[in-house]
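**Student:** The lines below spell out each chain.
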Amino acid sequence: MEKYNPEKNKFMRSVRLKESACQGCINCIKHCPTQAIRVHNGKAHIIDKFCIDCGRCIRYCPHHAKIPVYDPLSVINNFKYTVALPAPTLYAQYNNLTNVDIVLNALLKLGFDDVYEVSAAAELVSEASRQYIKDHEAEAPFISSACPSVIRLIRVKFPSLISRLLPIKAPVEVAAEIARARAMKKTGLKPEEIGIIFISPCPSKVSYAKSPLGIEKSNIDNVVAIKDVYPLLLPHMKHDESQLKPLSHSGRIGIGWSNAGGEAGGLLAENYLAADGIVNILRVLEELEDEKLHGLTFVELNACNGGCVGGTLTVENAYIATTKTKRLVKYQPVSKNHLEDNPEVENIFWADNVEYEPVFRLGNTFKESLKMMSDVENLTARFPGLDCGSCGAPTCQTLAEDIVRGDATPNDCIYVLRANIADLSRKIEELAGKRRQSADGDDPDAELFDSYIRTLTEELASFGVPDRSRQRREK
Amino acid sequence: MGDQLIFTYIVDGDDFTRAGEASSSVKNKLKMLGVDSDVIRKVAIAMYEGEINMVIHADGGTITVSVSDDDITMVLSDSGPGIPDIEKAMQEGYSTAKEEVRSLGFGAGMGLPNMKRFTDEMNIDTVIGQGTTITMKVYL
Numbered sequence: 009m010e011k012y013n014p015e016k017n018k019f020m021r022s023v024r025l026k027e028s029a030c031q032g033c034i035n036c037i038k039h040c041p042t043q044a045i046r047v048h049n050g051k052a053h054i055i056d057k058f059c060i061d062c063g064r065c066i067r068y069c070p071h072h073a074k075i076p077v078y079d080p081l082s083v084i085n086n087f088k089y090t091v092a093l094p095a096p097t098l099y100a101q102y103n104n105l106t107n108v109d110i111v112l113n114a115l116l117k118l119g120f121d122d123v124y125e126v127s128a129a130a131e132l133v134s135e136a137s138r139q140y141i142k143d144h145e146a147e148a149p150f151i152s153s154a155c156p157s158v159i160r161l162i163r164v165k166f167p168s169l170i171s172r173l174l175p176i177k178a179p180v181e182v183a184a185e186i187a188r189a190r191a192m193k194k195t196g197l198k199p200e201e202i203g204i205i206f207i208s209p210c211p212s213k214v215s216y217a218k219s220p221l222g223i224e225k226s227n228i229d230n231v232v233a234i235k236d237v238y239p240l241l242l243p244h245m246k247h248d249e250s251q252l253k254p255l256s257h258s259g260r261i262g263i264g265w266s267n268a269g270g271e272a273g274g275l276l277a278e279n280y281l282a283a284d285g286i287v288n289i290l291r292v293l294e295e296l297e298d299e300k301l302h303g304l305t306f307v308e309l310n311a312c313n314g315g316c317v318g319g320t321l322t323v324e325n326a327y328i329a330t331t332k333t334k335r336l337v338k339y340q341p342v343s344k345n346h347l348e349d350n351p352e353v354e355n356i357f358w359a360d361n362v363e364y365e366p367v368f369r370l371g372n373t374f375k376e377s378l379k380m381m382s383d384v385e386n387l388t389a390r391f392p393g394l395d396c397g398s399c400g401a402p403t404c405q406t407l408a409e410d411i412v413r414g415d416a417t418p419n420d421c422i423y424v425l426r427a428n429i430a431d432l433s434r435k436i437e438e439l440a441g442k443r444r445q446s447a448d449g450d451d452p453d454a455e456l457f458d459s460y461i462r463t464l465t466e467e468l469a470s471f472g473v474p475d476r477s478r479q480r481r482e483k
Numbered sequence: 469m470g471d472q473l474i475f476t477y478i479v480d481g482d483d484f485t486r487a488g489e490a491s492s493s494v495k496n497k498l499k500m501l502g503v504d505s506d507v508i509r510k511v512a513i514a515m516y517e518g519e520i521n522m523v524i525h526a527d528g529g530t531i532t533v534s535v536s537d538d539d540i541t542m543v544l545s546d547s548g549p550g551i552p553d554i555e556k557a558m559q560e561g562y563s564t565a566k567e568e569v570r571s572l573g574f575g576a577g578m579g580l581p582n583m584k585r586f587t588d589e590m591n592i593d594t595v596i597g598q599g600t601t602i603t604m605k606v607y608l
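The listed protein sequences correspond, in order, to chains A and L.
Numbered by the numbering used here, the letters in the first sequence go through residues 9 to 483 in order.
Numbered by the numbering used here, the letters in the second sequence go through residues 469 to 608 in order.
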């Protein structure tokens, strides 16, 4: 487990590289939606400030060298009293689950002192969202702020959309607040003696808990993985309902949050858009920014395919989990939680503003950036435009940007390098020719040397450099 | 005038799905330059409207965007039919777009008015039967 920086690090991320497993291939750099990864000296390297914690590299690395960061379940021993916060996605991992209490009771048997469902808090967030959107109709559409990767993406790439983020705490944060307040009241313990432990479908909540956006400090103490907890609960799951303590207190809206479209469904509105998968949401954000999408009041965005059920810390196939969730809530009431019954929630809204972080800006000033971009354009024109990734950057354009930022050199491009070597070889051939003319007599070594150089020059010339005159819209 | 950056785009005619690529590209470049997001928004919207117009009416054309210390200038040139009545074309809701285009959600008669609204300067140079060149400026 990596040591966390106790200081609030605004670019902290929850994916790390297992260097021994990294083969230096280009799979991760090609799939990163924010072009945050480079391969240098045979190993991948994640650029903190570009990373939005979407977990795509974890999925795509064929060598499993991208490791999600999260806490081991043993963290429950660090506290006098612990409360488990199960994400509703946890329920969708199990087959034939008819009653959420089966899972919640098993969590107690596993060693937690109490449980509080994130889905219960989700219903409070839905209620607050409905009211907020109603009160601010003129500023619609609003963008959901529950997925930390979405906030991070908007923070670095879509400054004009920051004001559209719904300024409401994520369900897990609200759950943590309620859980701690209730545990303190129940036990008389100090806040730091109580461990609020989130059972999470994704690692982006790890970064969130350590370095939240929208609020100063999170009430979540630790984040453990659904995939770790899932098998440990199985032996404790008793299906005899007469022996279960009634613990579950959430309805269809709350549990439905685990699926894409679930949050939007909880708003009981009709003109919404719900997009999932990082590539799809990037497109939606572009179109929102250009004001090409009309008539929407709410935009739900989930970085993972299928929503939270598609998180990298889950076990079940996202689409099967989606169906299981729907089956589980079929006969549940719409909602079981209301803000007026939860005085523990002092303020469900964000206390901090999310600030634009212009991490992709080239220079420190406009003038400097203008000069640098002109260099980027000139450099890009020298590269073959294959976006082959051999240089370690995902595209020729990104390599040019890296060079201008001082993080790479043109010779990192194998085509430029080959052209440069061909140049050198031609020069040596010329020199060798001059030497031959001035030398007298037969020198078999010199002839051999000449023939080598000639062959090298011819072979290098025969490779050529890929033609840049391919059809390009942008010249 | 200090340094100036110029980007040129060729807009294909008759392909709605690709309209917006040029404005998207410019938008990303302006973000990398650290241009104010309000200015970026104006440029992106005005340019997108222009791009769509080129596709609908003129079978495509060329867009040149130059960025200087003072402003962003967009020059949109096409070899289309020209605009017979500029005053009318500038009215909100006035459209000569074909029904099939309107059914796709385009041609609402807001193109030119929006281009004017989101830019600080706009000049239309049009010759019937030869084409149109629209120059727009957004100040920095």
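Simulated from the structure, these hints should not be mistaken for laboratory data.
Please note that the accuracy of each hint is not assured.
[Said to hold, decoys possible] From the derived model, a few chain L residues whose C-beta atoms are all more than 12 Å from chain A:
#1 SER491
#2 MET500
#3 MET515
#4 MET558
#5 THR564
#6 GLU567
#7 GLY577
#8 ASP588
#9 THR603
[To be verified] In silico contact screen, one side only, chain A against chain L (beta carbon under 7 Å); selected entries:
#10 TYR89
#11 HIS144
#12 ALA146
#13 PRO149
#14 SER168
#15 ARG172
#16 ASN355
#17 TRP358
#18 VAL362
#19 LEU378
#20 LYS379
#21 MET381
Just so you know, even glycine gets a beta-carbon here, dropped at the ideal spot from N, CA and C.
**Student:** Taking the hints in turn, state whether each one holds.
**Tutor:** Each hint tested on the structure:
{"no.": "1", "hint": "SER491", "result": "violated (7 Å)"}
{"no.": "2", "hint": "MET500", "result": "violated (5 Å)"}
{"no.": "3", "hint": "MET515", "result": "violated (9 Å)"}
{"no.": "4", "hint": "MET558", "result": "holds (20 Å)"}
{"no.": "5", "hint": "THR564", "result": "holds (22 Å)"}
{"no.": "6", "hint": "GLU567", "result": "holds (20 Å)"}
{"no.": "7", "hint": "GLY577", "result": "holds (15 Å)"}
{"no.": "8", "hint": "ASP588", "result": "holds (17 Å)"}
{"no.": "9", "hint": "THR603", "result": "holds (20 Å)"}
{"no.": "10", "hint": "TYR89", "result": "violated (46 Å)"}
{"no.": "11", "hint": "HIS144", "result": "violated (20 Å)"}
{"no.": "12", "hint": "ALA146", "result": "violated (18 Å)"}
{"no.": "13", "hint": "PRO149", "result": "violated (15 Å)"}
{"no.": "14", "hint": "SER168", "result": "holds (4 Å)"}
{"no.": "15", "hint": "ARG172", "result": "violated (12 Å)"}
{"no.": "16", "hint": "ASN355", "result": "violated (28 Å)"}
{"no.": "17", "hint": "TRP358", "result": "violated (20 Å)"}
{"no.": "18", "hint": "VAL362", "result": "violated (14 Å)"}
{"no.": "19", "hint": "LEU378", "result": "holds (5 Å)"}
{"no.": "20", "hint": "LYS379", "result": "holds (6 Å)"}
{"no.": "21", "hint": "MET381", "result": "holds (6 Å)"}
Going through the hint list in order, the structure does not satisfy hints 1, 2, 3, 10, 11, 12, 13, 15, 16, 17 and 18.
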